[in-house]
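The listed protein sequences derive, respectively, from chains A and B. Position 171 of the first sequence, counting from 1, maps to 171 under the numbering used here, and the rest follow consecutively. Position 8 of the second sequence, counting from 1, maps to 8 under the numbering used here, and the rest follow consecutively.
None of these hints come from the bench; they were simulated from the model. Misleading hints may appear alongside valid ones.
What the simulated footprint calls covered on chain B by chain A, stretch by stretch (three residues with Cβ under 8 Å from a Cβ of chain A suffice, anywhere in the stretch; the number is not a length) [claimed, not checked]: (1) 5-16; (2) 21-31; (3) 47-58; (4) 68-80; (5) 89-101; (6) 104-115.
We put the beta carbon where it would ideally sit given N, CA and C, even for glycine.
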Amino acid sequence: MPYDWGALFHGIRAIFSLAGLVMTSSFIGFGALLHSMGLAIELGWYTTLFIWAMPGQVVYLTMLAQGASVVATALAVSLTAVRLMPMVMLILSKARQEGQPRWPEYVLAHCVAITLWVISGQSIEKLPRHRRLPWALGLGVTMIFAMVGAMTVGYYLADALPPILACAIIFLMPSFFGLSLISSAYYRFDYLAIALGAVLTPIGMLYFPQFDLLVAGLVGGCAAFLLGRPIRHRLSKHEAGEGRS
Amino acid sequence: MNIADWPSWLGILLFGFTVTYFWRVAGVVLVRRLDPDGEALLLVRAIATALVAALVTKLVIQPSGVLAETSIVSRALALLVGIIVLRLMKRYQSVALMASLLALMVFETIRTSLL
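The shape of chain A in the complex, shown without the other chains (with noise of 0.2 Å):
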C-alpha cells in the first residue's frame, strides 16, 4: 500500500507533546549556550538546520571556539552521530514499506535525533503501517524548523534573563541528554558504558584535551560492551523483544 501522506499533517500535531515541549527548552538552551559562548545566531541556523543533533551541534560549537582543527572536529562530530545510525535503522524498520519508494527514508534520516525516537518509540505502533513514516516525518521536519525558532527566542532571551534562570535553561541540556541516557537505557553495558564515558571523560580532558570525547566514548564504550556482552545474553533471553523501541 502506498504512503498515506496525508499524514503528515497529523504528524505536525505530535510537536505539541511533553517530549516537544523539553525539546523546545533544551533549543531555548541551546540559544543561550551560543550567545553565552559569544558565537553568532548563523552558527545556531544552520547547526540545527545541517546537522540536527544537539551534542554533534554541541561539540562543533565548542570546537570552533576552542579553534580545534578540521579534523579533529569532523572526527569528534562523526562519532556522535554514529548514535543517530541505530535510531535512523530502529525508527525506519518500524515506519518503511518494501517496494516504495526510498526518497523518503532518505529525508526522515535527516529528521532523526533523540526526541524523535522517543516519541516515535511511544506512539508509531498505534498507526497503521502506510501512515508511520509519513508521520514521522511530518513531525521531524516541523522539529527542526520549530527548533530553529525555539533556538533563537534563546538567543535574543538569554540576556533578559535572571542569571539563575539562564543557568537552569543552559543546563537542561547536559541534564536532559545525561536523563535520556538513562532512561533509553536497556541493556546492562548501556549503564557500564554510561559510567564508563562519564568516569573516563576527566582523564581524558587531563591527557588528551583534544580527544577527551573521542577517547572516553570509544575506550569507554569498547570497555563496556566487552564486559557487558555476557550478561546482555542472559538479559536477552527472557527480554528479548522489549523496551529497545
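Got chain A; can you put chain B on it based on the hints?
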C-alpha cells in the same frame, strides 16, 4: 587547518553535515541488511552511549558561558538529583529534568547567599 578559518555555513556543511548525514545514510542502507539487534550495532550503541555520557560529564565539569559561574558541586549534585528522581519515577523524565533544574537553582541560591 583551523575550523574557524572557514565561512560558517561551509564549515558546518563540510565538517558537520556530511559527517553526520553519513551515519544517517548508513542507517537507511543497513536497515535492510543488518539485524538491528545484531552484535556490531550493539558495540556502536555502547560507544555512542559512552560518548554522549562523556559529553554530559564534560559539560558538567567544564561548561561554557553563564553556567561556568556556577559551582561544579551544584551542577554535579543537580544532575544526581535528576537521576535519583528518574529512578523513582521511571516514566516521568520531564519531572526528573525539572527536579534537576530546580535543584541547581536552589543549590546556587544557597551557595551565593552563604558567600
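Against the structure, the hints:
Closer than 8 Å: that is the beta-carbon criterion, and the stretch 5-16 of chain B has 9 residues meeting it against chain A, so the requirement of 3 holds. Judged by the Cβ-Cβ criterion of 8 Å, the stretch 21-31 of chain B is covered by chain A as claimed, because 10 of its residues qualify and three suffice. Judged by the Cβ-Cβ criterion of 8 Å, the stretch 47-58 of chain B is covered by chain A as claimed, because 12 of its residues qualify and three suffice. Under a criterion of three residues with beta carbons nearer than 8 Å to beta carbons of chain A, the stated coverage of the stretch 68-80 of chain B is upheld, 5 such residues being counted.
Residues of the stretch 89-101 of chain B with a Cβ under 8 Å from some Cβ of chain A number 7, which satisfies the need for three, so the listed coverage holds. Counting residues of the stretch 104-115 of chain B whose beta carbon lies closer than 8 Å to any beta carbon of chain A gives 4, which reaches the threshold of three, so the coverage claim holds.
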